[in-house]
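K.L.:
Given next are the chains, with one letter for each unit.
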Amino acid sequence: MENLPFFPDSASTVSAGVDGLYFAWLALSGVVALAIAVVIVIFAIKYRRGSAANRRIVEGEAHERTIRRIEYAWMLIPLAIFLGMFVWSAVVYYRSATVPKNALPVYVVAKQWMWHLEHPGGRREIDELHVPIGRPIELVMTSQDVIHSFSLPDFRVKQDVLPGRYTTLWFEATRTGEYRLFCTQYCGADHSRMIGRVVVMEPAAFERWLSAAGGGGSMAARGAARFREFGCIGCHDVNSTVRAPPLEGIFGKPVRLQDGSWVVADERFIRDAVLLPNKDVPAGYDAIMPSYRNQIDEEGLLEIIEYIKSSGNVSQGSRP
Amino acid sequence: MSSVPILPNENYLTAGFRLWTWLTTLDHKRIGILYTISITVLFLIGGSAAALIRLDLLTPHSELVSTETYNKLFTMHGVIMVWFFLIPSIPATLGNFLVPIMIGARDLAFPRLNLLSWYLYVIGALFTVGALIAGGVDTGWTFYTPFSTMFSNTHVFAVVAGVFIAGFSSILTGLNFMVTIHEMRAPGMTWFRMPLFIWAMYATSLILVLATPVLAMTLFLITMERVFGIGVFDPALGGDPLLFQHLFWFYSHPAVYIMIVPAMGVASEIIACFARKSVFGYRFMAYAMLAIAGFGFVVWGHHMFVSGQSAYAGTVFSVLTFLVSVPSAVKVFNWTATLYKSHISFEAPMLYALGFVGLFTIGGLTGLFLASLGLDVHLHDTYFVVAHFHYIMVGGAVMAFFGGIHFWWPKITGRMYPEDWGRASALFIFFGFNLTFFPQFIVGYLGMPRRYPEYPPEFQVWNVLSSAGASILAIGYALPLFYLMWSLRYGPPAPANPWGAKGLEWQTTSPPPPENFAATPVVDEPAYNYAEEPADG
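Just so you know, the protein sequences line up as chains A and B, in that order.
Going by our numbering, the first sequence wraps up at 320, each residue one higher than the last.
Going by our numbering, the second sequence wraps up at 537, each residue one higher than the last.
Calculated directly from the structure, the hints in this document are not laboratory data.
We treat Cβ as the ideally placed atom computed from N, Cα and C, and that holds for glycine.
Just some of the chain A residues that point at chain B, by a computed CB distance under 7 Å:
| no. | residue |
| --- | --- |
| 1 | F6 |
| 2 | V18 |
| 3 | L21 |
| 4 | Y93 |
| 5 | R156 |
| 6 | F182 |
Derived list of chain A stretches under chain B, where covered just means 3 residues or more per stretch with a C-beta under 8 Å from a C-beta of chain B:
| no. | segment |
| --- | --- |
| 7 | 42-52 |
| 8 | 69-82 |
| 9 | 141-147 |
| 10 | 164-176 |
Distance ranges between label pairs, derived from CB positions:
| no. | chain 1 | residue 1 | chain 2 | residue 2 | range |
| --- | --- | --- | --- | --- | --- |
| 11 | A | I57 | B | G188 | 19 to 27 Å |
| 12 | B | A468 | A | S291 | 55 to 63 Å |
| 13 | B | A468 | A | G30 | 23 to 31 Å |
| 14 | A | R49 | B | L113 | 40 to 48 Å |
| 15 | A | V263 | B | H61 | 43 to 51 Å |
| 16 | B | G188 | A | V87 | 45 to 53 Å |
| 17 | A | V87 | B | L113 | 45 to 53 Å |
| 18 | B | P456 | A | N239 | 53 to 61 Å |
| 19 | B | L113 | A | A44 | 39 to 47 Å |
| 20 | B | P187 | A | R69 | 30 to 38 Å |
| 21 | B | V461 | A | R49 | 37 to 45 Å |
| 22 | B | V461 | A | N294 | 44 to 52 Å |
Just need the whole structure built from these sequences, with the hints factored in.
P.N.:
Structure below.
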């Protein structure tokens, strides 16, 4: 079995659920395929041309009715099975699509052909992701160029990473060790080299690893520096004379827009506010903010987002 | 071979031998042959690309070709096989030849449009093959943006233009078939007396006519963004890359049914003939094909479960996908039930048709794995998907295409092919196919991503098995090329109805006269009316 692998490692909280679906389908489709094959072989032998088998069929209304009943039966029975499997698979899906509240964020920027990862504490990695065991991890991901996909087969999770927006992926590792990371969305010449590994560590070892970071400070600290560097502070500071919304504690809160609608100030909202400031203008403010497109890179944006998240955010406790 | 028998009758093949008479022909049968020759050439090019891919994947390191070359190989394999082989395969060759004859008509409704379809196909193919010679293209057949519009440095425009032009060939063929089937059926050929092959061509034509324009628009938008920098799909230009995926799959998922529904039609004809029995649940079979064509338009989002599409959209697309698999399941059950109390013989076309049923069943069942939201997240973009769609498109569609070519070969050419060779090639293809693609399900669940020239060493054993299977498959595909060619000259002349089959095409001579029938036939019985005759043998 060592050299003839059939199943990947099962190393996350969702992998058993996905495997359960897989085994159910294997059993179901195995039975159906085998049954069809057996029936065809039996018929092929029994009703081969020239054989002495009884072939009498009584034509007529009763026969027609039987055929209709058979047709409806093999329409409705598969339909019922399919709908049952659909519900099961949707349940499994929503479990892996709903990010737990206490998830530890890690920021991911994909580019041809490498993965840049950054922990809120400031530690950065390339093509590697260190995580603690038994703690949900939320990846907030974007791409600098084309579409990539962050895939961890041993965890049974995968999510495309798009330019111009954030997608999220979460998992909770259940076993320490090293696991493969693949890019699964074709992204050009070195697509198959855009691979890496996830290192799952005991919490204490992870804390040591995390604090062994070189200088540079936390993401929020770097974000604060950018906030000054780009002059954001000139308008968004509480003492500023220009009318701009204060950003302290805004993350995760609903914001009322000029047209009266409400949006949640999430990562996407902040990103759009920086790059496309006229898209969602908060109610009571003028659309006077300049765009920072082509001035700030993806890493810088994520640092500013982390800075805004950390500034006076009450839920900060769960996001160390 | 001592003497070459001369075909007895004046027929469509003998009516003018010069190249010019072929290139300007308006005879649907000759246009069908022009298509057959063209798609065979393209199949060989696309197949060569596949052979190189499988050779390269023998080892975890890409030792045969560079990663750039590998990317161009799988792109050309996909583009050529999808648009220049599979989509035209059954409709443009067998469909062109058979649609008028099977409904008792003299030709298609618009013979000149039919010839134009073939020229458009050839022009599109020249663009695409030209791009291949000029250095290739590396976007994958899916042309995902913004890679295809802003990042690829290869001949995207030429290939997109080729596919765009070939698309109009599809639209015109679909239109021609629909009008012909509506308007030109012989007296007595009511809708529910039509052979299921005609129903299949009708359902396919609906998809060709309704879906292909969306592909044309999408390719046009790619060109606008790539050539003129008009932002549609690239976020850097204010576009949305997911919009491309929606538009692309709105065409490309129905395109799968353009490939498989004709195959279902062919299999129905062959199974009924060699089982000497009417297709079980004939009406349900006809309705099932229409249902597949219809539902096929509303399931495209199952290609996008991990794309960033909303979870709710994913849920809706998942349940709709389960719905479309019901009529497909019904068809498999009906083919199986057709064999009950029948008189089966096992000539090559029947082996192909039974092989089709088996491979299509596995392809369909594994599609259910992928329709399951929670499971697809893991399987998406792995070799499991590659194996699944090859079971449908190659195991299903190509197997049926080869079965159809053997079944109607006597009618088309007036010659019998060598039966033993035909059976041997069917078995080679069936076993070679399974050995090639079944290991890919396993390596896919292990997590091996698609479009990887280099892969971790633990996946190698399955790739070696797969490549070994591909060499058997190649033999299976190459054999008919030789013995069918041989039969053109040395095969025994075919009688009008060598299989004892029902259907109008078997009532006219082999090969048929230019006008198909001496007098317009009158139909007074249902399709597959085998029951009335006592079984022979």
